[in-house]
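Chemist: Heads up: the sequence lines are chains A and B, in that order. FYI, my numbering numbers position 78 of the first sequence as 78, with every residue one higher than the one before it. FYI, my numbering numbers position 265 of the second sequence as 265, with every residue one higher than the one before it.
Since the hints were made in silico from the structure, they are not lab data. Be careful, since some hints might not be right.
Said to hold, decoys possible - The list that follows gives simulated cross-link-like pairs (lysine-lysine, DSS-like), each with its CA atoms no further than 30 Å apart:
id : chain 1 : residue 1 : chain 2 : residue 2
1  : A       : Lys44     : A       : Lys151
2  : B       : Lys274    : B       : Lys6
3  : B       : Lys564    : B       : Lys461
4  : A       : Lys151    : B       : Lys6
5  : B       : Lys6      : B       : Lys48
6  : B       : Lys525    : A       : Lys37
7  : A       : Lys130    : A       : Lys44
8  : B       : Lys525    : A       : Lys44
9  : A       : Lys37     : A       : Lys130
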Amino acid sequence: MKLIGREETERVQDENDVVSLCSMFAGGESFGIDTRKIREVLGKRELQRVPLAPSMIGGVVPYRGEVLTTVNFRALLGMESYSGAGCVLVLDDDEDGERFGLAVDEVGGVVTVNRSALEANPTTLEARCKWLFDGAYKMQTGLMVQLDPRKLRPSRLTETGLFRQGTNGRDA
Amino acid sequence: MDDLTKEFIAESQEGLDRMERCLTELETRPDDGAALVGEIFRAVHTIKGTTGFLGFDRLEKLAHAGEHLLGSLRDGKLAVTSELISGLLRLMDGLRSILVLIEETGGEGTRAGDEDGELIAELAMLNGSAAPAPADALHPVSAVVEIAAATPVVEASGNTSAATHAGASSAASANDKTLRIDVDVLNRMMNLVGELVLTRNQMLQSGMEAANFPELARRLDSVTADLRETVMQARMQPVGNLFDRFPRMVRDLARTCGRDVRIEFSGQETGLDKSLLEAIKDPLTHAVRNAVDHGIEAPSERVLAGKPAEGCLKLRAFHQSGSVVIEVADDGAGISMERVLAKAVERNLVTVEQAAAMSEREVLQLIFLPGFSTAAAVTTVSGRGVGMDVVRANVEKVGGSVELESKVGLGTTLRLRVPLTLAIVPSLVVQSGGQNFAVPQSALVELVDIPLRELAEVSQKMGSSEVYRLREHLLPMVWLDRLLGMEGASRETPKGYYLAVLEADGCRFGLVVDDLMPPEEIVVKPLSTVLREIGLFSGATVLGNGTLALILDIAATAARAGVKPIEETHEVVIADATAQAATDVSFLIFEDRARERTALPLNVVERIETVPLAQIEYAGGRALLQYRGELLPLTDDGNVLADLEGIPSGGEDAVATVLICGNAGEAGRRTRMGMVVRRVLDVSTGAVLDQNEATGEMELALVKEKLTVVHRDFGTKAAAAWKEVA
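Turn these sequences into a full structure, and let the hints steer you where they fit.
Modeler: Written out as C-alpha cells, the structure is:
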C-alpha cells in the first residue's frame with residue numbers, strides 16, 4: 001500500500017514539471033502541442049476547401065459525424081502552401097467545446113520535456129508569431145516552438161484581426 | 001412533486017385537451033353530441049376521482065360542480081346552448097389554471113374555495129336555470145347568482161383567456177421536452193439497434209476481403225435506412241395536435257371581435273417533425289388570429305358583400321415536393337393594395353414613385369417588412385398586419401418560407417411551407433470549380449443543359465450581366481465559380497454547362513455549374529462560426545462517396561449575386577389558368593410510337609425519370625411502377641417496354657424513360673400516372689390545331705412547325721385506369 005502511495009506522489013510531481021508534447025513540422029520548423037489538448041491525429045487528409053473563407057482556414061474535414069473547420073498552419077505563418085496533403089490534428093478545447101482541426105506538414109512523435117526548460121519568445125519576433133508562439137524548448141535537433149491550442153481556435157484567430165489578409169479566392 | 005402528481009397533471013391536461021376539442025365540436029353539431037358529452041364527462045370525472053385521493057380539495061370541488069352539470073347534460077335534461085358551452089369552457093380554464101398552479105408550486109393555492117365560488121355558482125346556475133324548476137326555494141338563489149355572475153363573466157372573459165394563454169404556454173414548455181412515443185416504435189428502434197450491433201460484429205470479424213462482405217454492407221445499408229426512418233417516425237407528430245388548439249381560440253376571438261366564423265380542417269394526420277411543429281406554432285397562431293381579426297369581415301358586411309354571414313377559415317396541411325405546406329385560408333375581404341401602399345408610403349417604407357411602379361406581388365411583400373405592422377396599421381388596413389415580419393422570420397429560421405395570396409373581396413391565403421425535417425434534406429449535388437456543392441431541392445425549379453456550342457446562342461449580355469433566354473423569359477445567369485472566386489480551378493475543357501433554375505425569397509435566377517451529380521438526401525451538419533460568417537453556406541454534408549460538400553444557401557447566393565425579386569410568380573399562378581384557354585401552350589415533346597411526335601402540356605409533367613426495366617412490375621397485364629411510396633400505373637402506348645425487353649444486349653441494365661404526370665383529379669387529389677416513352681425530345685410552345693374527334697382524347701398541335709399529337713384528358717384516363725387496377 002505504501003509503495004503505491006509513493007509512486008503516485010512521484011507521478012504527480014512528474015506531471016507538474018514534465019510535459020509531453022506532440023511534435024509537428026511546418027516548413028522545416030518544428031512545433032509542439034501539449035498531448036492532452038490533442039484529441040486525435042487524423043493523419044494525411046485532403047481538405048475540402050471553402051470558397052471565400054479567410055485564408056487561414058484550410059478547409060473542412062469530416063470527423064465523427066461533425067464537419068471540422070481546419071486551420072492551415074502554414075497560412076498562419078504566412079508560408080507558401082504545402083505541396084502534398086497535410087496532416088490533420090483534431091484539437092479540443094474543454095472551455096467552450098469548440099473542436100477544430102489543424103493542418104501541418106507532418107506529425108512527429110511524442111516528446112517529453114521539462115517545463116522549466118521553456119524559453120520565452122525573443123523580443124524581436126513579429127507580432128503574429130509572438131501571438132501564436134508560447135516560447136520554445138531547446139532540443140538536440142533544434143528548437144521546438146510550443147503552441148497554445150486555445151490561441152489557434154478559428155474564432156480566436158478572427159477576433160485578433162492579425163490574420164485577415166484576404167481570402168482563399170477573390171471576392172466576387 | 002411526486003411522480004403520482006406529475007402523472008396526474010399530464011393525464012389531466014390531456015383530458016382537458018380532449019375536452020376542449022369535444023366542446024367546440026359539440027357546439028357545431030349539438031345533435032349527435034351524446035358521445036362527445038360522454039367523453040367530456042369522463043375527462044372531468046377522472047380529474048375529480050383522482051384529486052380526491054391526492055388531496056386537492058379545490059380542484060375536486062370545481063370538478064365536482066362541473067361533473068354535476070355535465071351529468072345533467074348527459075342525461076338530456078339540458079340542451080346544448082352557447083352559454084352552456086361558454087360555461088363549460090370556463091370550467092375547463094378554471095381546472096387548467098389550478099393544474100398549472102399545482103405544477104408550478106406543488107400546491108393548489110388557498111383552500112378557502114371562494115375563488116372558484118363564482119364559477120361554481122355559474123355552473124350551478126346553468127344547471128338550475130335550464131332544469132325545469134327543481135324547487136321553488138332554489139330559484140331566488142340562482143337569480144341572485146345570475147345577477148352576480150352575469151356582470152363579472154363578461155369582464156372575466158378577457159382575464160380567463162389571458163389565463164388560458166399563460167396556462168397553455170407553460171403546459172407547452174413542459175411538453176417541449178417530452179415526447180410520447182408508441183412503444184411499438186420504440187421496440188422497433190431497439191430491435192434495429194440490436195441488428196446494427198450484430199452487423200457490425202460480423203463485419204469486424206469477417207473483414208473487407210470476406211466473400212460475404214457485400215452482403216453485410218447491404219444489410220448495414222438497409223438497417224441504417226430502417227433505423228433512420230423509425231427515428232424520424234418517432235419524431236413525427238400529426239399536425240392535428242397543433243390544430244386542436246384553434247377551434248377554441250377562433251371561437252373566443254370571433255366572439256370578442258363580433259365575427260361569425262366556422263373553422264374547417266383538413267390533413268390533420270400530416271406528420272411533421274416535433275421540433276418543426278413547435279417552431280411553427282406561434283407563426284400559425286398569429287396567422288389564424290389575423291385571419292379572424294382582420295381577414296373575415298363582420299357578419300353585416302359579409303351579407304352586404306353577398307357572402308354568407310358566417311365566415312370560413314380553412315386550415316389545411318399537406319405534403320408537397322418534400323415539404324409540408326400549412327395553409328390558412330379565409331374567405332374575408334382580402335388585402336387592399338391601395339391601403340397597403342398608402343400605409344407603406346406613410347411609414348416611409350417606400351417612396352410614392354416606387355409605390356406607383358410596384359407590382360401586386362411586391363405590394364404583398366411589403367406586409368412582411370418590419371415596421372409595416374403596428375397596432376395602428378392593423379386596425380386601418382383591412383388585411384393582415386401584426387408582426388408578419390416575425391411570422392416570416394420564424395418560419396424561415398427553420399428553413400421554411402411564407403407565401404401570401406390575396407384577392408380583394410374573396411379572401412386571403414397564407415401558406416407556411418416547412419421542410420419535413422430539419423436534419424435530412426433532399427438535395428441536388430452540383431460541381432463547380434472542381435468542388436461539390438449541395439443545392440436544396442426545395443429551391444430548384446428546373447435544370448437546363450447548355451452544351452458548349454450553344455452557350456453563345458442562349459446566353460446574352462445585357463450591360464455587364466448575362467441573361468439566359470428560358471422560354472421567352474430572361475433569367476439572370478449567375479456563375480457559381482465566379483461568385484465564389486474559383487475561376488480557373490475548373491477542368492480544362494468543359495463539354496458544357498448546366499443551368500439550375502433556382503428560386504428563393506421570390507428571386508429567380510439561373511445558377512451555372514460545370515456538372516451535375518446524382519441527387520442525394522443529405523444530412524445537414526452545422527459549420528463553425530468562422531465559416532458561417534461567409535454567409536453563403538448553410539452547412540456542410542458528407543456525400544455518399546465520402547467527400548464533403550458545402551450546402552449553398554440559395555437566398556444568400558441570390559443576394560450576393562445581386563438578384564432582386566422579380567414579378568414572376570403571379571404570372572405563374574395565372575399560367576395554370578390561361579394554359580387551358582390560350583392557344584399557345586408549353587409542351588413537352590417526346591416520341592412514344594416510332595416516328596411519331598407526341599406532346600403533353602408541360603404543366604402536367606412532374607418529373608422525367610429513368611427507371612431500370614427490372615423495377616417495372618406487372619399486375620393483371622398492366623405495368624406498374626413503385627414510385628415514392630405510390631403505385632403508379634404506367635401507360636405504354638408505343639409498346640416501348642416490349643421493344644426494350646426485346647433488345648438482347650440490354651439485359652437487366654436496360655432503362656426506360658418514364659414521364660411522371662400528375663393532374664388535379666376530383667376532390668383536389670392529384671392523380672398520378674407514368675407514361676413510358678421512347679425518348680424525350682424538347683420543350684416548346686405550340687398552337688393547338690384541331691380537336692380530332694376520331695382519336696377521342698387526342699388533339700393535334702403545331703409545335704415548331706411539325707405536326708404533334710397532344711395527349712389530353714389523361715387525368716380522367718389515369719383515374720379510370722387506376723380503378724381498373726384497384
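Chemist: Now tell me, hint by hint, if it's right for this structure.
Modeler: Hint-by-hint comparison with the structure:
1. A:Lys44 <-> A:Lys151: 23 Å, holds
2. B:Lys274 <-> B:Lys6: With Cα atoms ~22 Å apart, B:Lys274 and B:Lys6 stay inside 30 Å; holds.
3. B:Lys564 <-> B:Lys461: 18 Å, holds
4. A:Lys151 <-> B:Lys6: At roughly 48 Å apart (the allowed maximum being 30 Å), B:Lys6 and A:Lys151 break the hint.
5. B:Lys6 <-> B:Lys48: 16 Å, holds
6. B:Lys525 <-> A:Lys37: 24 Å, holds
7. A:Lys130 <-> A:Lys44: 28 Å, holds
8. B:Lys525 <-> A:Lys44: 22 Å, holds
9. A:Lys37 <-> A:Lys130: Given that 30 Å is the threshold and the Cα spacing comes to 21 Å, the pair holds.
Comparing the model with each numbered hint stated earlier shows that hint 4 is the single one that does not hold.
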